[in-house]
Structure formats: structure tokens, C-alpha cells
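Protein chains in written order, with our numbering: chain W, 1 to 326; chain E, 327 to 652.
Simulated from the structure, these hints should not be mistaken for laboratory data.
Don't take every hint at face value.
To be verified - Which bits of chain W does chain E cover? Going by a derived footprint, with three or more residues having C-beta under 8 Å, they are:
#1 45 to 58
#2 87 to 94
#3 210 to 221
#4 279 to 286
Using N, Cα and C, we set each Cβ at its ideal position, and we do this for glycine too.
Protein chains: 2
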Amino acid sequence: METVAATGSGLVVALAGGVGGAKLSHGLALNGLEERLCVIVNTGDDFTLYGLHISPDLDTVLYTLAGIANPQTGWGILGDTDHTLRMIGRYGRETWFWLGDRDLATHILRTERLRAGARLTDVTAELAAALGVRARILPMCDEAVPTIVETPTGSLPFQDYFVRRRQKDTVVGVRFGGIERARPTPEVLAALDAAAVVVLCPSNPIVSIGPIVAVPGLRERLRALHVPIVAVSPIVAGQALKGPADRMLATLGHEVSPRGVARLYADFLDGIVIDNQDAALAPVIEELGIAVYVTDTVMRSEADRQRLAAETLAFAERLGKRVEQG
Amino acid sequence: METVAATGSGLVVALAGGVGGAKLSHGLALNGLEERLCVIVNTGDDFTLYGLHISPDLDTVLYTLAGIANPQTGWGILGDTDHTLRMIGRYGRETWFWLGDRDLATHILRTERLRAGARLTDVTAELAAALGVRARILPMCDEAVPTIVETPTGSLPFQDYFVRRRQKDTVVGVRFGGIERARPTPEVLAALDAAAVVVLCPSNPIVSIGPIVAVPGLRERLRALHVPIVAVSPIVAGQALKGPADRMLATLGHEVSPRGVARLYADFLDGIVIDNQDAALAPVIEELGIAVYVTDTVMRSEADRQRLAAETLAFAERLGKRVEQG
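Put together the whole structure using the sequences plus the hints.
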């Protein structure tokens, strides 16, 4: 395994959506980097259910870094039950979005604090600290930026598309409501300023990384960074490892491949980690001016997370040296 | 067992606090009166916890009439668990007020509806209907009227006194915040207009029945009623069957006996049901112009609830005839 020491004392900044993002973030933490890790998380999936503010991606990253995530699903809390949700069903309400009893504590306390006027950034820091997470978990912004999925039959709020309708609709467009009024938080800007490396996790490029880099000013900030920015492709052998990224890329006119992903980030990306199964694509991706590292990118175990994170950092480190020499 | 038929087609209106009130209300329902039963419930105990609106007495009546109450405690839901609350504790918050997972569904949905502008009366009706409760459960008013307990060392919100500090403080005064702005709801007034009998359940006369009859106009309405109004004493042999009513009566200067209770209601009460253990007090209570019925008032079983309710109604019926003849 290659060293990650050369990332020096700067921050390791990860951009993450849900399960894939949480896994690689966890891998970074497992490399002894938890104190230097800062995960900027998509909040486009956030929504209100039964009056509670749910932040699915923040929760997945939080639970994973706290070591309490459900390893079967990747989301939710290990061993959680759903007595509250079943009772909500008994009260005649729809229950298509699974909420665990332990999980509800997060939603209840977050909602309480937000209603009291706290910023999502501060609330997230409080929850993470209480669970002993030393990495910083930062929402991409404090404003609500709800992802809306356009389908041939109309617009759908993201969770309606993703959970309720099980991604069966064809996605012909995606927008982030109110994104023009959102701003990167001071914490996000400070993290990028202090970054030694930026890692785009293997999350959906359209609806997970997409909202983050759509926050006005964020993409420009990434372009201007003088530290290596590397992505791990969420597309392997023409398929998304999880979720609808493959179909979404296709119907939105993108190539369903690591090259298709690399193109979406081409204006700021220095390198991309792709799977062994896609090794043949390395030359055409390099034609975009993006370096390629080929390895096994499928994270089945904690050891996989740690190894992939270490290899990704070592790759970034080599790119950083090239930048300095260049 | 005596007949309850003579209450005719009018409503059986019960005034109730928590466990004792719920039990006798249930007893009334068990006498085939659920469709004609209307329970006016104390909301002075209501408070906000973790941003959720909790209505302890409404919930106890609701769960009891729905047949899902925990028979051990009298409050909460049978077989409920507390995974959410434990997780809230893990987040570093105090957890002195027990909230069950199933129970939380009630608080979450109530809070959602109230925040959307619904009246507590309507929310309560919706929850009761969903659980198949045919009796009407009416909050005493829709305004917040928080009970404040005065102690030698200062004021305490009711649940701080009752649950957090386990009623260890001496009560030197009780007030209901904002009661001067509260009004009986149209539903409460309509129920009293349609009443064939009014039953004051064996609930704490100071902090359960007290707030109800303190809602401006309510007590005057009871005084003006032409149907029998009967109470069941919550004090038996100088002690409260449950809770701090005995100590509270004493420190507030009232006699800790069925007579002390009867005096608090003397301006509108026609009769009181007292326990066999207090039979000797019947003559002195009758001196107040209040009729007395002596029986076993301790409700240990559902059969007890049903019998006590039937006897109370039969007693009221006899009083009603006396009123008509008088």
C-alpha cells in the first residue's frame, strides 16, 4: 500500500453524496486521516416528512463515520427498528420513506434546532460531535436547494422519484430549486482553502456531486485550486454500482462510462480513478487532460474502503508533484 | 348492576385528566356508551419537548379508549419501546420524560398538523378516528394554557415538577398561563349543551380538572346546566390513588378528603361518588348540598371501570329524577 503522508498537514476534502460517498469518506478516515478529513455533502436530497427535516446524505455520512451505519443497506442505523413508522402508518399516513426509530432521533433533533434558527452546518457539527465523529461533515450550503427531477410526465421532488417511485421514471432534466440564491458556507470555503487534496467520491455525478458543484461560486473555487482534485468513478463497466446514475447519465445525453463522468468534471479535475474493468478507457480519458489510475474500485468491505482511499490519495499525491514540477 | 338507559339520548360528558380520567372514561365506553361519550380533557400539562408538542392527558385518554394503553403504567402504549429516546440520549440530550417509539408517532403527527395551522381539537379528532375511537375526545381549549407550579424556591413548568423532579417540591400555588385568553371551543360548548349527564372523573382536582373548569366561561356553563353533574373522588382514605393530589390539596389549604374535593366543585356539583373507606364522610358532604354515593371506587381491572361507570351513571340518573321532581 502506498503512503498518504505526502498530503502533508492540509485537509483532505471529500465531496460526497450518500452511500458511495460515505464509504470512501470512511476509507479516508480509516487511513488515519479523520482529524484532517472534511466531507462536503449534498443536501439536494433533503426534504420534509411528517414535519421533520430529513437530510439523507448527511445522515448516511454521519452514521458511517460514527461507525453505526447499517452495513446491509449502507444507509440507516445498524439494528434499527421501525415502530414509530408503523404507528404513523396506523394513523393512516403513507410510509414509503423508511425511517428507523434510532434514526428519527437525528431528524427530530435536527428539526428542533433548525426551527430555533440554527444553521444546518452547526446542527450537523453538533450531531457529529455527539456521536464522536472527529471528521468535519459539512452540508454543501445552509440554504434549501431541493433537487427536482424532470420526467416526460412532469416534475418530481427528488425523494418522490428516488424512493416513492423507485426511479422508474425517465429523467429528462434535473434542477436544484433556489440554487441561484445558495452560497458556499464559510466552513466550505475555509475547507477548500485549507485543502491538500480534493476527492470526488463515487457518488451520482448528476444528483449527488452535481448539486454541490452547482452551488454558485463552488465550481469556480475548485477550478482555481492549486491542489490535486481527483474523482473516483461511480460508473463501472457501464453500470452504476448503486442507484440510477447510469440511466440518468444516458437519458441526459452523457456517456455511461468513466469518461462520461470525467467530462462532467473536466474543467477542474486532475485525475480519475477507474475500475480494472474499464482499463481500456484510460487513453481516451487522458485525452481530456485528466490523469487516470486503474484499480479495483468496488468497495465490498471496510478493507476495500481503506485500500481504495489510500490508492486514491497516493494517486493524487503523484499528481500534486507533477503540478509542482510542471 | 343498575341501568344506564335513563341517560337517554343525550351525551355523556366526562371531564378528565390522565390515567384516572382515562380509566373512568373507558368504563363509560364499556357500558355501550362510546357513541354518546364525549371526554373533555385537560391540556394544562401540554408542553414542547425536542420541538414536539406533547399532550400527555389527551394521549392517555386516546390510547385508553383505543384499547392500546399500557395497562401497567396507565399511560403510553402497550409494548412500546424507547429506541428513539435512547438515541436522543446518545446525542447528549436529557431524557427524563419517557417517550415510546410508537407514542412518538402521535407527537410527530400532532406537531406537524399544529404547525400547519390546524386546531388541537381537529388534530385530536383525526388521531382518534384513525385509531377507531368512536367517542369524542376534546381538548378543553385550543389555546396553550401551561400549568405553572409555584414552589417555595420558585416557579416550575408542570412537567418539570411532575416528571423531572418527581413531585418532590411543595406546591404553594398553581396557575394556568394565559388562561384569561383561553375560551371553551365550540365543540366543548356544544357537548355541554347536548349533555344528559356530566361526570368529573377521579382526576387531580387542582391540576387536571382545575384547568378545565378554569377556562373562562366553562364553570359558569356547568353552573347553569340542568342535567346532573357528578364527580368521582380521586381521594380515598386521605390519599390520592395516583399522583400528588393529596399533598397538593394539603399544601394549598384544602382538606385531603372527598369533602375537600366536593368543596372545590360545590358551586356546580350535584353528587359525588366516594369510596367505601370514606363512608363516614357522607353526612358532612351532604351538608354541602351534594348527594353522596358510596361504593368501591378503586379501578384495578376493566370490570372495575365498567362497574364504577355504571354505578356513577345510575347515581346521576337518580339525581336527575330528583332535580326534575324538585
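Now the hints, each set against the structure:
Counting residues of the stretch 45 to 58 of chain W whose beta carbon lies closer than 8 Å to any beta carbon of chain E gives 3, which reaches the threshold of three, so the coverage claim holds. With a cut-off of 8 Å between beta carbons, the stretch 87 to 94 of chain W has 6 residues touching chain E; three or more are needed, and the interface restraint holds. Coverage of the stretch 210 to 221 of chain W by chain E is violated. Counting CB-CB distances below 8 Å, 0 residues qualify, and the rule asks for three or more. Here the stretch 279 to 286 of chain W counts 0 residues with a CB under 8 Å from a CB of chain E, which misses the bar of 3, and the coverage is violated.
The structure is inconsistent with the numbered hints 3 and 4, although it conforms to all the rest.
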